[in-house]
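Here the protein sequences line up with chains A and B, keeping their order. Reading the first sequence from the start, the letters are residues 4 to 673 in our numbering. Reading the second sequence from the start, the letters are residues 438 to 634 in our numbering.
Fair warning: there could be bad hints in the mix.
Stated by the list, open to error - Simulated crosslink set (PhoX-like; lysine-lysine; CA at most 20 Å straight-line):
{"hint": "1", "chain 1": "B", "residue 1": "K604", "chain 2": "A", "residue 2": "K180"}
{"hint": "2", "chain 1": "B", "residue 1": "K577", "chain 2": "B", "residue 2": "K541"}
{"hint": "3", "chain 1": "B", "residue 1": "K604", "chain 2": "B", "residue 2": "K577"}
{"hint": "4", "chain 1": "B", "residue 1": "K615", "chain 2": "B", "residue 2": "K634"}
{"hint": "5", "chain 1": "B", "residue 1": "K634", "chain 2": "B", "residue 2": "K620"}
{"hint": "6", "chain 1": "B", "residue 1": "K577", "chain 2": "B", "residue 2": "K627"}
{"hint": "7", "chain 1": "B", "residue 1": "K604", "chain 2": "B", "residue 2": "K620"}
{"hint": "8", "chain 1": "B", "residue 1": "K615", "chain 2": "B", "residue 2": "K631"}
{"hint": "9", "chain 1": "A", "residue 1": "K303", "chain 2": "B", "residue 2": "K627"}
{"hint": "10", "chain 1": "B", "residue 1": "K615", "chain 2": "A", "residue 2": "K303"}
{"hint": "11", "chain 1": "B", "residue 1": "K620", "chain 2": "A", "residue 2": "K303"}
{"hint": "12", "chain 1": "B", "residue 1": "K554", "chain 2": "B", "residue 2": "K577"}
Claimed, not checked - Far from chain A, some chain B residues (derived; all Cβ distances over 10 Å):
{"hint": "13", "residue": "E508"}
{"hint": "14", "residue": "D510"}
{"hint": "15", "residue": "D511"}
{"hint": "16", "residue": "Q545"}
{"hint": "17", "residue": "S547"}
{"hint": "18", "residue": "H617"}
{"hint": "19", "residue": "D618"}
{"hint": "20", "residue": "K634"}
These aren't lab readings, by the way, just hints derived from the structure by calculation. Where is the CB? At the ideal position from N, CA and C, for every residue including glycine.
One-letter residues, chain by chain:
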Amino acid sequence: MVRPSFRLCHGYVVVAMTCLYAATGSAVAEAPKSSLAQLADMSLEDLVDVEISSVSKRTEKRRDAAAAVHVITPEMIRRSTATSIPGLLRTVPGIHVARLDANKWSVSSRGFSGRYANSLLVLIDGRSVYTPFFSGVYWETRDVMLENVERIEIIRGSGGSLWGANAVNGVINIVTKAASDTQGGMVTIGGGTEEEFFTSLRYGGTVGEDGHYRVYGEFSEHDDGAFESGDRANDAWLSARIGTRFDWEWDDSHLTLQGDLFGVDTSQTYATPSFQFPYTRIHDEDSYFSGGNLLGRWRKRFANDAELTLQGYYDRSESNIFTIDEDRNTFDLEVQYQLPPRQRHEILVGAGLRYIDDRTDGTDFVSVSPESQRRRLLNVFIQDRITLIENRLLLTAGTKLEYNDFTGIEIQPSLRLAWTPNDQHTVWAAISRAVRTPSLVEDGGRVASQGYPRILVALVGEDFESEELLSFELGYRVQATDSLLLDIAAFYNRYEKLRSIELGFPLLESNPLPLHFLVPARTRNNLSGITYGIEATLDWRLKPWWSMKFNYAFLEMDLRLDAASVDLISAGIDDSSPEQQASIINHFDLPRNTELDVIFRYVDELPSLGVDDYLTLDVRLGWRPTDDLEVSIVGHDLLDTAHGEFESMFVGTLPTDVQRGVYGKLTWKF
Amino acid sequence: MEILGATSKRPWVRAGYWATIFLLCLGGLLPPPLYSAEETNEAQQYSEHEIKAAYLLNFIKYVEWPNDAFESDDSPFRLGLLGGNPFGEALAELIAATAPDQRKITIQQSDDIADLKTCHLLFFVKNETEHRATLSQLAKLPVLTVGEQQAFTEMGGIINFLLVDSKVRFEISTKTAKKHDLKISSRLLKVSHKVYK
Numbered sequence: 004m005v006r007p008s009f010r011l012c013h014g015y016v017v018v019a020m021t022c023l024y025a026a027t028g029s030a031v032a033e034a035p036k037s038s039l040a041q042l043a044d045m046s047l048e049d050l051v052d053v054e055i056s057s058v059s060k061r062t063e064k065r066r067d068a069a070a071a072v073h074v075i076t077p078e079m080i081r082r083s084t085a086t087s088i089p090g091l092l093r094t095v096p097g098i099h100v101a102r103l104d105a106n107k108w109s110v111s112s113r114g115f116s117g118r119y120a121n122s123l124l125v126l127i128d129g130r131s132v133y134t135p136f137f138s139g140v141y142w143e144t145r146d147v148m149l150e151n152v153e154r155i156e157i158i159r160g161s162g163g164s165l166w167g168a169n170a171v172n173g174v175i176n177i178v179t180k181a182a183s184d185t186q187g188g189m190v191t192i193g194g195g196t197e198e199e200f201f202t203s204l205r206y207g208g209t210v211g212e213d214g215h216y217r218v219y220g221e222f223s224e225h226d227d228g229a230f231e232s233g234d235r236a237n238d239a240w241l242s243a244r245i246g247t248r249f250d251w252e253w254d255d256s257h258l259t260l261q262g263d264l265f266g267v268d269t270s271q272t273y274a275t276p277s278f279q280f281p282y283t284r285i286h287d288e289d290s291y292f293s294g295g296n297l298l299g300r301w302r303k304r305f306a307n308d309a310e311l312t313l314q315g316y317y318d319r320s321e322s323n324i325f326t327i328d329e330d331r332n333t334f335d336l337e338v339q340y341q342l343p344p345r346q347r348h349e350i351l352v353g354a355g356l357r358y359i360d361d362r363t364d365g366t367d368f369v370s371v372s373p374e375s376q377r378r379r380l381l382n383v384f385i386q387d388r389i390t391l392i393e394n395r396l397l398l399t400a401g402t403k404l405e406y407n408d409f410t411g412i413e414i415q416p417s418l419r420l421a422w423t424p425n426d427q428h429t430v431w432a433a434i435s436r437a438v439r440t441p442s443l444v445e446d447g448g449r450v451a452s453q454g455y456p457r458i459l460v461a462l463v464g465e466d467f468e469s470e471e472l473l474s475f476e477l478g479y480r481v482q483a484t485d486s487l488l489l490d491i492a493a494f495y496n497r498y499e500k501l502r503s504i505e506l507g508f509p510l511l512e513s514n515p516l517p518l519h520f521l522v523p524a525r526t527r528n529n530l531s532g533i534t535y536g537i538e539a540t541l542d543w544r545l546k547p548w549w550s551m552k553f554n555y556a557f558l559e560m561d562l563r564l565d566a567a568s569v570d571l572i573s574a575g576i577d578d579s580s581p582e583q584q585a586s587i588i589n590h591f592d593l594p595r596n597t598e599l600d601v602i603f604r605y606v607d608e609l610p611s612l613g614v615d616d617y618l619t620l621d622v623r624l625g626w627r628p629t630d631d632l633e634v635s636i637v638g639h640d641l642l643d644t645a646h647g648e649f650e651s652m653f654v655g656t657l658p659t660d661v662q663r664g665v666y667g668k669l670t671w672k673f
Numbered sequence: 438m439e440i441l442g443a444t445s446k447r448p449w450v451r452a453g454y455w456a457t458i459f460l461l462c463l464g465g466l467l468p469p470p471l472y473s474a475e476e477t478n479e480a481q482q483y484s485e486h487e488i489k490a491a492y493l494l495n496f497i498k499y500v501e502w503p504n505d506a507f508e509s510d511d512s513p514f515r516l517g518l519l520g521g522n523p524f525g526e527a528l529a530e531l532i533a534a535t536a537p538d539q540r541k542i543t544i545q546q547s548d549d550i551a552d553l554k555t556c557h558l559l560f561f562v563k564n565e566t567e568h569r570a571t572l573s574q575l576a577k578l579p580v581l582t583v584g585e586q587q588a589f590t591e592m593g594g595i596i597n598f599l600l601v602d603s604k605v606r607f608e609i610s611t612k613t614a615k616k617h618d619l620k621i622s623s624r625l626l627k628v629s630h631k632v633y634k
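Given the sequences, and given the hints that come with them, work out the whole structure.
Next up, the structure:
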């Protein structure tokens, strides 16, 4: 099979590298200085541009946020045992991460787990990365270099009013550092039993007087997992990525230009329906993903404190999977305007336009019709933060109006209230409505799901409407002492018109041969129900050298099919997300610049998938002889030789177990 | 035509292919002159109050006190903290790190305004109370009042810290400064986020 795009992608790489070479050649570096002395030497004009470290930013933000927000900081990333974004999300309360095989994950918020989990909006620097094919994320292709991450904000619950469609049960907002924060060079290299080899390189310098840039590249190679039987699976994978980012700041303007290119190559074992005994064919296949994006953002603050943000990006992705090839170009343009603050109102308005050009090349197993589609997505939003009582009571009201080609206009309003009786306590409540619009496969797709002798059950997407959610949330945050923070959120969600899969009357079909009966399973909106749960985080610094974080989440799902429904497939959704999850993260700062991190994690059973509950232990031992050098050893999933975390749904790949492993890592800054 | 390395069935061929691509990238990223360039650090991270402490020392530099505010030419500059010390050690460390050719700076901390009336700069730690009454007690004294809460300048303070885009900025009321007989340099006004005249 010829894969021209892959070749093309590498052509881009060469061109990009040539440009980067030219850019780095003129780099001028600055001498290092000790921390506070450097601050003392700064001129008044310099001080204006010093950014507050993210820790204090987080407390500022989190204190009055009327939403269930969790923030992952660079320090938390450095001291984690994760090597990918899904890995980092494992210790976020209320988020369920399950590995399907070595290169596939299910990441979901507040229920509805699955490889095709579809109610989470994932943004990288303002760029939406879910695939409209199934409204989910190919996590293996959407990783970012962890050392570049400024913060990851996880907002559980519906972010509909500001973030738009798909943010039904949560938003994951990955923000990378400005180029000015990644000056100088950095190399990481490491490897181990499961994470066989990984390396990354980054270099940042200045462009003229006001500009900074960085260039980076990373490569990783991951080992096969194991089948439940203990046999070696075939799910190894490789990933390569290069990118660059430029930031210019002058007067009250900030201009960002960034882009990256990636290539990912995964192996997996498929179980596909067949007309021959035993009616399911097990076979190994490779998938190839490639793509890139280019994003520009301009932000200007005016003298009257109004702020204008203009952002545009182009994203190209191509996936060559055994079941279907996808080729997608996305153009997106967004504008946001923060009105000059008035006495009690902070008003934010915005509009966005997305244009998606899709081409799919399906197979008998998965196809979409028509194969070539162009779709538009338009939205406008307005949000007002109203100070009802100074420093005490803050009301945020907002709504988004969205137009999409499938279901027309959708309205997603929300109302949030935060009460801060004093600086220590915040109580908040929210009511919001969110919708999930149909994905490509739900409106015009066909998925062959099960084979029997001469009978094929096929999921046919048609006449599918948006799923609707009405969400009630309540939260409480208390900074009990300087060293103790407790954050609790509870929710009650009412879903209507959720996707059901209705079995239809069998049809006789001759394509593909042999002649067989086709049992159509049509997408409909006959499922509804409630979910409720509670999530808690306790952040506790017990000693100057020992901090602990305890996370707990409880989730109950109760979904029901309409009386008229003939759905034999969706019944298990209730029990495919864990009822309870907990994690305890310990960070110890030991003498001689050594660090010990001990992470326990528990995930409840998934009864409908036959997955047992499991407890894991990860340990990281780090040594930082100087500020610029770090050596660490990580042992992960130490409590068992292997455990399963999920089971495939629809046509899919065979799940494999997560194995115990160990890896070492070296980071050097120069 | 197909690039064999990228699509080879053998993992080590693919790995070698990718490794080569990656090494090429590295080669491109790191031209030799860069190795000899001076070393750099990642941008330092400072807490909100470390930055504010650095500002305070700059305020001392760019505000002019009347001569009779000091007992003699070598009497110290008194910096008062009302209602706590959010700076920790940072303020003292920064004072130690600044040039010694200025007046010696001493820090005084109290919860009672009566103890701090002789200070030259008085920092009002953010708290629940309104500072209007306290500020009125300082009327006409040559004290630079600096706060960090909403409407501080409206209540009669001179400089107020703001958080803008996760950066520390400040606003100045030159009108109030005049009442306290303080001269604010144009350089400070230029950097100021807002000036109330």
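We went through each hint and held it up to the structure:
no., hint, verdict
1, B/K604 to A/K180, "holds (15 Å)"
2, B/K577 to B/K541, "violated (24 Å)"
3, B/K604 to B/K577, "violated (32 Å)"
4, B/K615 to B/K634, "holds (10 Å)"
5, B/K634 to B/K620, "holds (13 Å)"
6, B/K577 to B/K627, "violated (25 Å)"
7, B/K604 to B/K620, "violated (26 Å)"
8, B/K615 to B/K631, "holds (16 Å)"
9, A/K303 to B/K627, "holds (19 Å)"
10, B/K615 to A/K303, "violated (33 Å)"
11, B/K620 to A/K303, "violated (32 Å)"
12, B/K554 to B/K577, "holds (11 Å)"
13, E508, "holds (27 Å)"
14, D510, "holds (24 Å)"
15, D511, "holds (22 Å)"
16, Q545, "holds (21 Å)"
17, S547, "holds (21 Å)"
18, H617, "holds (21 Å)"
19, D618, "holds (22 Å)"
20, K634, "holds (15 Å)"
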